Amino acid sequence: MSTQLLSERAAVRRRSRRARAVASLGPATMLGGVAWAFLQPYRVTLLHPHGQGFWWLAIEPPLLVVLAGIVFAFLVAPSVIEDLETYEEGQ
Amino acid sequence: MQPPAEFVHWMFATGLVLVGLCLAAQAIVGDEVWRRRAWRAYLWPGLAFTMGVLMFPVMVFFTNSTIHMLAHGSWAQVMMLSGAAELGLVRGKLHSRYWRLTMPLAFAVSGAAFLIHEQNSWFFARAAFLHHLIGWTLIVGALFPLVTIFRPSSAVWRSAFALTFVVLGVMLYCDRDVAPVFGHLSPLAGQQHR
Numbered sequence: 001m002s003t004q005l006l007s008e009r010a011a012v013r014r015r016s017r018r019a020r021a022v023a024s025l026g027p028a029t030m031l032g033g034v035a036w037a038f039l040q041p042y043r044v045t046l047l048h049p050h051g052q053g054f055w056w057l058a059i060e061p062p063l064l065v066v067l068a069g070i071v072f073a074f075l076v077a078p079s080v081i082e083d084l085e086t087y088e089e090g091q
Numbered sequence: 001m002q003p004p005a006e007f008v009h010w011m012f013a014t015g016l017v018l019v020g021l022c023l024a025a026q027a028i029v030g031d032e033v034w035r036r037r038a039w040r041a042y043l044w045p046g047l048a049f050t051m052g053v054l055m056f057p058v059m060v061f062f063t064n065s066t067i068h069m070l071a072h073g074s075w076a077q078v079m080m081l082s083g084a085a086e087l088g089l090v091r092g093k094l095h096s097r098y099w100r101l102t103m104p105l106a107f108a109v110s111g112a113a114f115l116i117h118e119q120n121s122w123f124f125a126r127a128a129f130l131h132h133l134i135g136w137t138l139i140v141g142a143l144f145p146l147v148t149i150f151r152p153s154s155a156v157w158r159s160a161f162a163l164t165f166v167v168l169g170v171m172l173y174c175d176r177d178v179a180p181v182f183g184h185l186s187p188l189a190g191q192q193h194r
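If you read the sequences in order, they're chains R and D.
Residues in the first sequence are numbered consecutively from 1, following the working numbering.
Residues in the second sequence are numbered consecutively from 1, following the working numbering.
Please note that the accuracy of each hint is not assured.
If we take Cβ atoms under 7 Å as the criterion, some of the chain R residues that face chain D in the derived model are [as the list claims (entries may be wrong)]:
1. 25
2. 55
3. 59
4. 64
5. 72
6. 79
7. 80
8. 83
9. 87
If you anchor each label on the Cβ, the simulated ranges turn out as follows [stated by the list, open to error]:
10. R/48 - D/65: 31 to 41 Å
11. R/53 - D/149: 41 to 51 Å
12. R/24 - D/143: 35 to 45 Å
13. R/48 - D/32: 48 to 58 Å
To spell it out: a stretch of chain D is covered by chain R in this simulated footprint if at least three of its residues, at any positions, have a beta carbon under 8 Å from a beta carbon of chain R; those stretches are [stated by the list, open to error]:
14. 4 to 14
15. 28 to 38
Since the hints were derived computationally from the structure, they do not count as laboratory data.
Predicted model, so just to flag it, every value in this text is computed and none were measured.
Just so it is clear, CB atoms sit at the ideal spot from N, CA and C, and this is done for glycine as well.
Chain R extracted, bound-state conformation (with noise of 0.2 Å):
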């Protein structure tokens, strides 16, 4: 097999890790604020509402992270990987 071929399927492979690194961006986030509930279930206060205030049933840190990762996982991610896959193909 050529030095060429090959270090062609590297760099594609390598292309491909790069996608691979931004798709699990979002899921990586979503699972430590999903971890984090775990770890902490009284910080969800969702899971024991009665008697809470506003804020507190609102703004949750755990589900945050998971808003953050699901935000950048479906709002930006997808596009990124889109022109990332373009430019890779015209490379």
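Put chain D on the given structure of chain R with help from the hints.
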């Protein structure tokens, strides 16, 4: 209806995490791909600028001493400056890469403001610990955006820059009203709330 201060910290933490995620993606795919869509090019600088603007009401409504107010005011100004400089560069209104020096400047000024306005020692309470930790993180972290100005294609430095925002977000998420840190809480700090 005004939220307690810790909620405001958590909302800003979410903004920092989003900026960090955008910077991480930009570091991975490179500027050329990241800026293929105009809205994306403006995304994190716009977010940084907006957070700077929103810091002003925080300065007005959530501070209880002059030095505290000045610290929040300095964060507002440097966040707006660094966000606006990046917006200007992306839009093409600014040309010199040295405008990016506003970001390490923002880190250094913010870190100094954290350290100067915290009057108590590390283990006084959780808030004091976080002020010291965030302050030193910002001072040391200023190195990352500084290096990326001179080595813009280095994924390592750019990833470290992105990660700094995520770490700062995590630290802000750790903020509580009056809470101990590693079991330490000075009796002068008041009654533990949460």
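Verification of the hints:
{"no.": "1", "hint": "25", "in the structure": "holds (5 Å)"}
{"no.": "2", "hint": "55", "in the structure": "holds (5 Å)"}
{"no.": "3", "hint": "59", "in the structure": "holds (5 Å)"}
{"no.": "4", "hint": "64", "in the structure": "holds (5 Å)"}
{"no.": "5", "hint": "72", "in the structure": "holds (5 Å)"}
{"no.": "6", "hint": "79", "in the structure": "holds (6 Å)"}
{"no.": "7", "hint": "80", "in the structure": "holds (5 Å)"}
{"no.": "8", "hint": "83", "in the structure": "holds (4 Å)"}
{"no.": "9", "hint": "87", "in the structure": "holds (5 Å)"}
{"no.": "10", "hint": "R/48 - D/65: 31 to 41 Å", "in the structure": "holds (35 Å)"}
{"no.": "11", "hint": "R/53 - D/149: 41 to 51 Å", "in the structure": "holds (45 Å)"}
{"no.": "12", "hint": "R/24 - D/143: 35 to 45 Å", "in the structure": "violated (27 Å)"}
{"no.": "13", "hint": "R/48 - D/32: 48 to 58 Å", "in the structure": "holds (49 Å)"}
{"no.": "14", "hint": "4 to 14", "in the structure": "holds (count 6)"}
{"no.": "15", "hint": "28 to 38", "in the structure": "holds (count 7)"}
When held up to the earlier numbered hints, the structure conflicts with hint 12 and nothing else.
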